[in-house]
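Now for the letters of each chain:
Number of protein chains: 2
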Amino acid sequence: MSLSNLIQKNNIKHLASALGLFGAGFCFHKMVQPKPTVLPWIEKGTESDINPSKLKFIKTKNPKKKSKPEDLVFGATYTDHMLEIDWVRNSGFSVPRIVPFHDFVMPPGCCTIHYALTCFEGLKAYRDKNNDIRLFRPDRNVDRLLGSTKRLSLPGFNKEALLEAMMRYVDIERSWVPNKRGYSLYLRPTVFGTEATLGVKEPSSMKIFVIASPVGPYYKHGFKAVRLLAEDKYCRAWEGGTGNFKLGSNYGPTILPQKLAHDPKIFGGCDQVLWLYGPKKEVTEVGTMNLFGFWINENQEKELITAPLTDGTILPGITRDSILNIAREWGEFKVTERTWTMEELLKAQQEKRILEVFGSGTAAIVSPVKEIVYQDQLYEIPRNPSDPKAEMGPITKRLLDRIQSIQYGEVQHPWSQVVKKY
Amino acid sequence: MSLSNLIQKNNIKHLASALGLFGAGFCFHKMVQPKPTVLPWIEKGTESDINPSKLKFIKTKNPKKKSKPEDLVFGATYTDHMLEIDWVRNSGFSVPRIVPFHDFVMPPGCCTIHYALTCFEGLKAYRDKNNDIRLFRPDRNVDRLLGSTKRLSLPGFNKEALLEAMMRYVDIERSWVPNKRGYSLYLRPTVFGTEATLGVKEPSSMKIFVIASPVGPYYKHGFKAVRLLAEDKYCRAWEGGTGNFKLGSNYGPTILPQKLAHDPKIFGGCDQVLWLYGPKKEVTEVGTMNLFGFWINENQEKELITAPLTDGTILPGITRDSILNIAREWGEFKVTERTWTMEELLKAQQEKRILEVFGSGTAAIVSPVKEIVYQDQLYEIPRNPSDPKAEMGPITKRLLDRIQSIQYGEVQHPWSQVVKKY
Chain V
1 MSLSNLIQKN
11 NIKHLASALG
21 LFGAGFCFHK
31 MVQPKPTVLP
41 WIEKGTESDI
51 NPSKLKFIKT
61 KNPKKKSKPE
71 DLVFGATYTD
81 HMLEIDWVRN
91 SGFSVPRIVP
101 FHDFVMPPGC
111 CTIHYALTCF
121 EGLKAYRDKN
131 NDIRLFRPDR
141 NVDRLLGSTK
151 RLSLPGFNKE
161 ALLEAMMRYV
171 DIERSWVPNK
181 RGYSLYLRPT
191 VFGTEATLGV
201 KEPSSMKIFV
211 IASPVGPYYK
221 HGFKAVRLLA
231 EDKYCRAWEG
241 GTGNFKLGSN
251 YGPTILPQKL
261 AHDPKIFGGC
271 DQVLWLYGPK
281 KEVTEVGTMN
291 LFGFWINENQ
301 EKELITAPLT
311 DGTILPGITR
321 DSILNIAREW
331 GEFKVTERTW
341 TMEELLKAQQ
351 EKRILEVFGS
361 GTAAIVSPVK
371 EIVYQDQLYE
381 IPRNPSDPKA
391 EMGPITKRLL
401 DRIQSIQYGE
411 VQHPWSQVVK
421 KY
Chain Z
1 MSLSNLIQKN
11 NIKHLASALG
21 LFGAGFCFHK
31 MVQPKPTVLP
41 WIEKGTESDI
51 NPSKLKFIKT
61 KNPKKKSKPE
71 DLVFGATYTD
81 HMLEIDWVRN
91 SGFSVPRIVP
101 FHDFVMPPGC
111 CTIHYALTCF
121 EGLKAYRDKN
131 NDIRLFRPDR
141 NVDRLLGSTK
151 RLSLPGFNKE
161 ALLEAMMRYV
171 DIERSWVPNK
181 RGYSLYLRPT
191 VFGTEATLGV
201 KEPSSMKIFV
211 IASPVGPYYK
221 HGFKAVRLLA
231 EDKYCRAWEG
241 GTGNFKLGSN
251 YGPTILPQKL
261 AHDPKIFGGC
271 DQVLWLYGPK
281 KEVTEVGTMN
291 LFGFWINENQ
301 EKELITAPLT
311 DGTILPGITR
321 DSILNIAREW
331 GEFKVTERTW
341 TMEELLKAQQ
351 EKRILEVFGS
361 GTAAIVSPVK
371 EIVYQDQLYE
381 IPRNPSDPKA
391 EMGPITKRLL
401 DRIQSIQYGE
411 VQHPWSQVVK
421 KY
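Residue numbers (full-length UniProt numbering), protein chains in the order written: chain V, 1 to 422; chain Z, 1 to 422.
Simulated from the structure, these hints should not be mistaken for laboratory data.
Values in this document were obtained by computation on a predicted structure and should not be read as measured data.
Hints may be right or wrong, so weigh each one.
Remember, identical chains collapse to one label, so a pair may be satisfied in a single copy or spanning two.
Subject to a maximum C-alpha distance of 27 angstroms in a straight line, what follows is the list of computed DSSO-like cross-link-like pairs (lysine-lysine) [claimed, not checked]: (1) 220 - 201; (2) 281 - 421; (3) 265 - 233; (4) 61 - 420.
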């Protein structure tokens, strides 16, 4: 009888004590037996929705040693605890639980291993000068997560309730938020189907979990402009697909094209893929980021341009939305969301109308572009005419500074939310 | 410190004894401590490729009770053992191991939970009249699995070696192959990335595993013709995508459209989705099967038609290939792989040139189509003019019978391979 069967047969109590061995605190080196911790694979509950008021907290008995900020590798170090909420059809949601960081005891027939029934979010917690912890537009992440969850045919949930549970989690992990500008605590909310079945169908159970990883700046030695490979063989997303949701299934297939782009034969290797779409070679996204062009358009107007959210091929990035908002607030140049093509981009490059090009995302905030390789040709992208050595153009830099100053609470802004001390 | 970290630190021995608690044999009811079984999450090995000659077998101490064939639910009951092979970069492949069926101890940062780095196969083992166990074209499944694995940027492996390890596994599980025509043992080879990292990159470790589930006929009360919803809002696959590989990421996104097709408001509900592609509404696949039309074409020729494998949007089905081969061998009508559109299909339906339409796949072999709903219209599809009550047309039936007679070894054919008694 498998462990998952046992869970279904309600041997939760026995299971829990066995699972205690897997608590984050258990040290195999010394073979010291810890006190059992309740860490079931699925905790069956009867709540009709996420209920943060009933949140349960089991504190780790063996807090981890924190690394020096400089040694952090993106997404490889995790904090002491994780947040978990389970849902089982005909039963309901479990109470949210913050428990020691632990492995899952996942049956090999779990639908997520077979059919990729998984979606996620990425957002960061920042420490401000008053030692308060701040989140940047977390409501938008929870909102998008709900959309992704439903796209997977998984049930909806109360967004405010999940956000409150996440806030409580960040509150508990606040000592893990690095005290240095450029550093933050990366949060990874994830939702996935947990039913053990090979039938291709709506899962009858799911898990919502959040793990956290302290991270340094995306580029260790300052922001470095990247070289893109404009890719027209592989395609990231398409109309009628899922490119506008943050599903796990959008990411796995991009790894091979990304790896091929690094090939030194392509002008010594490219850093990221610029995803083109359709016969018109529409400019869509770069790597796992949205893409912006700042140019003099055909009407001789200064314009910030990015692909629109209309056809379902573009991820509605929160940094993307923030940049559009900030630029519109400045009101200094035209801000446009419309389909633009590789032909337009290259024409502008040849006519010296490109001012700056950059990618935007949670990880790097902005990622300046220095070159684009397309059909065996390398095209240079200007950054800063007054400083040829600059990695980043002036508009890119201003946007980065503005967003960071909001994220670190250096300016008052409704996008930045202080995490309460519960 | 998490379990996965411990594994990386080579505490395999200690881990193994702890993991013994999770052996399939452990009965929580009685709380009897079993002898430890080695069931690590990742077994680090030094083999340069899969090496079936070193296969390790740990027999379950608690064999499961087998259900009555009639009670089987697709993919919900598993046999006593599973096959596992791990790969770790800079180290190599583990020896293949056949171990008691058990859950995985998966870290929450595992790349497959976040980025869907997973692919799989489905094939069946059949019991013939001599009580021998047979596989149907298993080399094709292993071949396709290798292609899918590489598409995920995971390393290649020796196909013959994996096939031999699978044969040994089926040999061990032979008592699980039902002794009844229409019944079989469904095998699910799966490959997924096991690295615990949130970086979107090539995983440094992977697991190959095979589980097996005894299954009954796909349709309990005989083959039943299905109603399809021709879907032009959601799109399964696209050029430059991964539709021609068997990746988990192709399946999760199809579940919501499939669920919506069941809506009773659509003429009482449809059974499956017929995936259309592009502005021309090309006829591609149905549900998780390939689709065939048998018709009188515009040149008044009898023709079996299916979408071609040329643009990467069609899964190269093994049943599809078998049907094409059998029909070509018969030589009684034209057999064509080419793009065909909804317009052509509906024109033929209106001109009464459609003879039969059916889906093909491992699960159902063939799935006759009785109706297609498209843009709020219901179109009837003929099956058997001489028997209006027949669920299946004569060509569909002949193909089904021919394939089954090969699968169950009733006729000699190179596609059917007897599993050796090792």
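**Message:** I'd like to know which numbered hints this structure contradicts. Please list them from smallest to largest.
**Reply:** 2
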